[in-house]
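Hey, can you work out the whole structure from these sequences and the hints?
So the protein sequences, as listed, match chains A, B, C and D. All residue numbers for the first sequence refer to the working numbering, where the first residue is 1251 and numbers rise by one. All residue numbers for the second sequence refer to the working numbering, where the first residue is 1251 and numbers rise by one. All residue numbers for the third sequence refer to the working numbering, where the first residue is 281 and numbers rise by one. All residue numbers for the fourth sequence refer to the working numbering, where the first residue is 281 and numbers rise by one.
None of these hints come from the bench; they were simulated from the model. Misleading hints may appear alongside valid ones.
[To be verified] Cut-off 20 Å, straight-line C-alpha distance, at most; resulting in silico cross-link-like pairs (PhoX-like, lysine-lysine):
(1) B:Lys1374 <-> D:Lys289
(2) B:Lys1315 <-> B:Lys1398
(3) A:Lys1374 <-> A:Lys1293
(4) C:Lys289 <-> C:Lys313
(5) B:Lys1293 <-> B:Lys1374
(6) C:Lys289 <-> A:Lys1374
[To be verified] Just so you have them, the derived chain A footprint on chain B, three or more residues with Cβ under 8 Å:
(7) 1274-1280
(8) 1314-1320
All C-beta atoms, glycine included, are put in the ideal place defined by N, C-alpha and C.
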Amino acid sequence: MIRVLETPFDLNAEIAAFNARAGAAGAVVTFSGAVRGEAGERKVTGLELEHFPGVTERSISAIEKEARRRWPVTDIDIVHRIGRLAPGEPIVLVCVAAAHRREAFEAADYLMDFLKTEAMFWKKELRSDGAEWIAPRADDYKDAARWKEND
Amino acid sequence: MIRVLETPFDLNAEIAAFNARAGAAGAVVTFSGAVRGEAGERKVTGLELEHFPGVTERSISAIEKEARRRWPVTDIDIVHRIGRLAPGEPIVLVCVAAAHRREAFEAADYLMDFLKTEAMFWKKELRSDGAEWIAPRADDYKDAARWKEND
Amino acid sequence: MARLMFFGKLGDIAGARARDFPLNNVDTVSALKAAIFENDNGLGEALGDPSVRCIVNEEMTRGDAAITDDDEIAFIPPVSGG
Amino acid sequence: MARLMFFGKLGDIAGARARDFPLNNVDTVSALKAAIFENDNGLGEALGDPSVRCIVNEEMTRGDAAITDDDEIAFIPPVSGG
Chain A
1251 MIRVLETPFD LNAEIAAFNA RAGAAGAVVT FSGAVRGEAG ERKVTGLELE
1301 HFPGVTERSI SAIEKEARRR WPVTDIDIVH RIGRLAPGEP IVLVCVAAAH
1351 RREAFEAADY LMDFLKTEAM FWKKELRSDG AEWIAPRADD YKDAARWKEN
1401 D
Chain B
1251 MIRVLETPFD LNAEIAAFNA RAGAAGAVVT FSGAVRGEAG ERKVTGLELE
1301 HFPGVTERSI SAIEKEARRR WPVTDIDIVH RIGRLAPGEP IVLVCVAAAH
1351 RREAFEAADY LMDFLKTEAM FWKKELRSDG AEWIAPRADD YKDAARWKEN
1401 D
Chain C
281 MARLMFFGKL GDIAGARARD FPLNNVDTVS ALKAAIFEND NGLGEALGDP
331 SVRCIVNEEM TRGDAAITDD DEIAFIPPVS GG
Chain D
281 MARLMFFGKL GDIAGARARD FPLNNVDTVS ALKAAIFEND NGLGEALGDP
331 SVRCIVNEEM TRGDAAITDD DEIAFIPPVS GG
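Structural data, given as structure tokens:
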């Protein structure tokens, strides 16, 4: 299930619902990202996340579909915030269930790498010294490149 | 925090407590394993997990310490069941918090590989066709070998 | 009138997330960028950055796509989710 | 009397998780295994498996450790957590 939400979501309630639905598979990996309160030495007062309605959802759906093609996972949940976020608020949650842990870990890792570098979101960091649109770090592109298949 | 528990634990409550304490770091990865109801074609009626009091806790502590040496994680929780478990019950929970997702993913993955192959637990599978002590799969040893450092 | 959309920092530079724009004789994305540059050097320059991609009617374009006054033309800078 | 402990399948084979055992002249782990074999062939054979490790007074031993009647000697088959 993929959701792009304009209002805060309850991370723990989402994880609990996923576990109730999918936990019997055997292995569940969750990743959650929260807004950090600082960027280097500078204080972050919030984030603003933009998306492209329809197109963003389809970009996530394509990433999820590819993860399901690569690993025999039994269930995937992806929740991504848009709009204005305060420090400490969850931005993203990925939950993956599978029979064995390796598949669950790899699929969750894969999903996050591509949510960072291919899903259609734009993120503005609001700081005490001004606002800045954030591009993925070089490491994010390197992480995504790990999954290149030799074909 | 490391806990070895003789009675069922509330997976979602543990995750929620970890998120409350450690979630502000930015990235949280959780892994949970549950007893599966079947092994191949055979029905599993439960598991029995033995440990070596004191020695088991120290073996987990050594694994956690090594994970902290390798990655700049800000927090780790490890919960592991012993005793009699029914299908669907959680056996193990690993939670890792870090500033960035790569560290959190790798440390959680590492912890699970060594909880499977080095932590002092013994697991008996109770099935409709009898009981069997379970050794790690060849893949489990292979997974653990991935982390070998060239030194 | 084509519907132009600007995401991320391009929206800030354009001063709007969306704008109607008469294409007149403009019939490709690159010609559109040139026409925008004539009106607004700063925005035109930003659109010319090789990292900026173009989505026409919700489909990612490759190279220099043909466009008409019925199209929705979105300019997107590098994405950054998660 | 030394305190012997048997974990996992070794406990099933021994018929007990722990047992007191007089070492008499036995002063190494390998001599202990031989002495156990004399009493209980099945258990002695299981302890002889190269995958079985020995923990003396909560410390993993390497090779053939010396032991005394005051020691706690634990035999462990391959572990399997998680």
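Hints violated by the structure (numbers, ascending)
Those not satisfied come down to hint 8.
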